[in-house]
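Using my numbering, you'd call the opening residue of the sequence shown number 1 and step up by one each time.
Don't read these hints as lab results, they were simulated from the structure.
Even for Gly, the Cβ is constructed at its ideal location relative to N, Cα and C.
Take the hints with a grain of salt, since some may be wrong.
To be verified - No farther apart than 27 angstroms at their CA atoms in a straight line, the calculated lysine-lysine pairs in the DSS-like style are these: (1) K411 with K437; (2) K650 with K411; (3) K583 with K731; (4) K645 with K731; (5) K340 with K297; (6) K299 with K277; (7) K461 with K542.
Claimed, not checked - Restraint ranges, calculated between C-beta atoms of paired labels, are given here: (8) K156 with Y176: 16 to 26 angstroms; (9) R141 with L269: 16 to 26 angstroms; (10) G671 with R283: 27 to 37 angstroms.
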Amino acid sequence: FSGAFPLEPDTQIALQRSKKFGEKLQSLKLSPQNYHPKFLMACQVGARMLQSGLSVMVNEVSERTCITIATCAMQNRNGEPSFSGQASKIGIKSVPFHKTRFQLRRQGWRIAFALDTGGLPGNGGQENVNGDSPPGLGGTRLGRIVSAGGRQLLEKLNSARKNLPMKIFLVLLGFYTANALATILGQTGDWDVLVAGIVVAAIEGIGMLMYKKPSSLSTRRLQSFVAMMNYWKAGVCLGLFVDAFKLEVITGVSFASAGAGYDYQTNTLLNAIPVPKQIDMFRDYIARLEGIVGEEKAKQIIGGAFVLISAGSNDILTRPFNLHYSFQDTMLDIVQNFTKELHGLGCRSMAVAGLPPVGYAPIEKTIQLATKLLLPVDIKWVDNINSYAQSYNKELVKVLAQAQATFSGSKIVYADVYEPLDDMVKNPERYGFVETKRGCCGTGLFELGPLCGPTIPTCGKSLASKFLFWDAVHPSTSTYRVIAKHIEKEVFPKFLFASSGSGYDDATNDVFQVISFPKQIDMFRDYTARLGRIVGEQKAKKIIGAALVVISTGTNDISTLRMDNNDTRYQDFLLNRVQFFTKQLYDLGCRSMIVAGLPPIGCLPIQMTTKQQPPSHRRCLHNQNLYSRSYNQKLASMLPLVQAKLSGSKIAYADIYEPLMDMIHHPEKYGFEETNKGCCGTGFVEMGPLCNPTTPTCRHPSRYLFWDAVHPGQSTYQYLSKYVVKNVLPKFVMIF
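Given only the sequences and the hints, what does the whole structure look like? Please build it.
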């Protein structure tokens with residue numbers, strides 16, 4: 001090395017020692033079989049010392065050279081170890097020796113993969129250095145991993161053929177277990193397991209594929225049990241995955257398009273989905289729903305769905321200088337045709353939102369300011385647009401009332417969003433708002449749509465809830481929450497005040513977590529006040545006074561224990577509650593009321609099941625029916641006394657016991673074939689959450705007297721309705 005470049009003293013000492021070590025090694029003249037493991041270790045240590053002491057650029061190397069023994073494979077079995085030093089290179093000739101225990105232990109320290117690739121070398125390993133790796137993808141690490149994965153996959157598929165019937169059974173068991181779990185989750189309204197199902201399915205699928213028996217499982221039987229449980233888990237994951245799609249489609253969908261309006265010109269200008277296209281999408285959805293749950297059940301879902309329609313604001317905003325009252329008629333005609341098409345598709349419950357106070361939007365105030373600068377005439381822009389919106393809303397109420405009268409069996413109501421927004425603007429402190437004249441996004445004066453993107457500065461998360469508007473047009477999240485609560489309180493009660501599972505007794509309502517009767521009275525009181533603000537107090541009194549109020553409850557209150565013990569005191573308690581509630585309704589203006597009695601409770605499928613009656617010998621429980629009849633007799637005798645105390649009222653008793661008993665004793669007269677069990681599920685215990693869109697049902701529901709283990713079927717209710725119309729409604733002719 002002399003003359004090549006100057007060396008440090010430590011480096012010179014290391015070089016001299018290495019040279020002496022090489023000369024001594026050559027003088028020993030040992031055969032490869034006589035190499036001792038300690039000797040090989042010394043070689044490695046010496047090579048590492050040489051590597052750490054020298055920093056030499058290696059070039060023009062004619063032999064395979066290396067610095068560390070970890071990357072040097074001694075392959076020439078006839079050669080002898082030697083060290084040679086030149087000015088331009090450091091060479092270590094290959095030395096023959098067998099694999100030693102030290103090498104095997106060293107090899108065990110390499111990084112191991114979960115997938116057994118058959119001992120893949122590192123990228124700088126022996127095979128790569130010597131050039132022995134096969135060409136192409138098969139010689140790379142990725143190629144070997146793919147090959148090893150394919151071999152293990154084939155082995156798993158072959159092993160899966162063993163005990164195939166049992167494995168199929170476990171997968172199906174897991175699938176239906178997930179179906180039962182999805183049923184419970186779906187009824188809570190909190191079904192968001194699609195992503196979770198995908199993740200769990202992926203993890204469990206990989207786990208089943210890569211499963212290896214742990215050493216802790218000593219017995220073969222226990223090992224087999226743990227292995228078979230993977231198939232059950234795979235079935236659970238598959239069931240959750242499938243049910244997630246089904247329940248997402250069944251429970252709720254949206255066809256609204258941001259920027260859409262009733263007028264086609266608005267949709268073209270804002271590039272939104274027009275109303276006819278949304279109808280087509282809804283029609284396609286119905287076809288998809290029928291493919292999942294069947295045609296009959298799809299009709300029930302659509303018929304029981306609540307449809308919310310909110311449009312019109314964009315039609316006004318896109319015509320700031322061309323608003324005519326004739327355009328209101330155009331919009332109202334479109335609304336009427338829209339509701340007609342929805343009714344034709346099976347929708348029966350619809351709420352149509354009116355226009356908000358569009359003049360309060362920041363964009364309108366910006367336009368107003370620009371107009372004042374350009375035009376010398378003072379225009380009360382906000383008042384004009386808001387007056388236009390109020391005029392439209394009044395006409396919309398009339399159109400919806402006509403539509404409901406035209407479409408039989410429908411309930412179409414008006415959802416007022418003008419009043420809550422108007423109150424928020426005039427009384428912001430009541431709702432916790434600080435800013436009502438501009439939006440949170442950007443300047444808050446003109447930004448909307450693409451101008452209010454993620455890169456646009458905002459007022460900040462801490463202040464966003466204090467702004468009435470998010471951008472120059474749209475309300476903020478806090479504002480939408482207030483509107484949603486308003487709709488829930490003011491619109492939903494217009495459809496129905498009854499709550500499934502409720503009773504006269506508050507204890508019953510607490511058990512079933514339903515709306516109590518006093519709460520229903522409060523909701524009705526709020527409705528009457530709201531009606532008075534819309535149509536005036538005098539007209540509201542006429543509407544309430546001419547309304548027919550139907551009260552049907554009591555079955556949920558009476559327990560099996562009370563009926564078996566013939567607890568007549570509880571009957572008297574319920575009758576006192578009936579008297580109290582009818583008095584409250586009378587004070588609110590109701591003058592015509594129908595109070596239904598109890599059905600033959602002993603003939604309900606759930607009651608027969610509680611007595612452990614076998615399927616072939618199910619009979620009505622006589623003592624429970626006697627209890628129902630006794631209560632009905634007391635109720636029928638009490639109502640005329642209540643009517644006498646309430647001047648100008650008409651309170652009639654509706655007997656549902658006798659017509660139901662007639663259907664049970666003479667089912668052929670009504671076209672029924674089954675009267676002892678329901679159509680849903682087994683028909684013995686299913687009700688409430690256990691009877692949902694994913695539960696299997698009978699083929700012909702109209703042939704079953706009961707839908708589930710408690711409630712009558714639709715055909716039964718039709719016969720009961722005809723009975724009430726024929727025998728009870730004539731008593732109210734003089735009032736109407």
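Status of the hints after comparison with the structure:
1. K411 with K437: Cα-Cα ~37 angstroms, so violated.
2. K650 with K411: Roughly 26 angstroms between the alpha carbons, so the hint for K650 and K411 holds.
3. K583 with K731: Holds, at roughly 20 angstroms.
4. K645 with K731: Holds, at roughly 18 angstroms.
5. K340 with K297: 22 angstroms, holds
6. K299 with K277: 21 angstroms, holds
7. K461 with K542: This hinted pair is violated, its Cα atoms lying about 49 angstroms apart.
8. K156 with Y176: 16 to 26 angstroms: Since K156 and Y176 have Cβ atoms about 25 angstroms apart, the given range 16 to 26 angstroms holds.
9. R141 with L269: 16 to 26 angstroms: Roughly 58 angstroms apart at Cβ, these two residues miss the hinted range, so it is violated.
10. G671 with R283: 27 to 37 angstroms: 32 angstroms, holds
Against the hints set out earlier in the document, violations occur for numbers 1, 7, 9.
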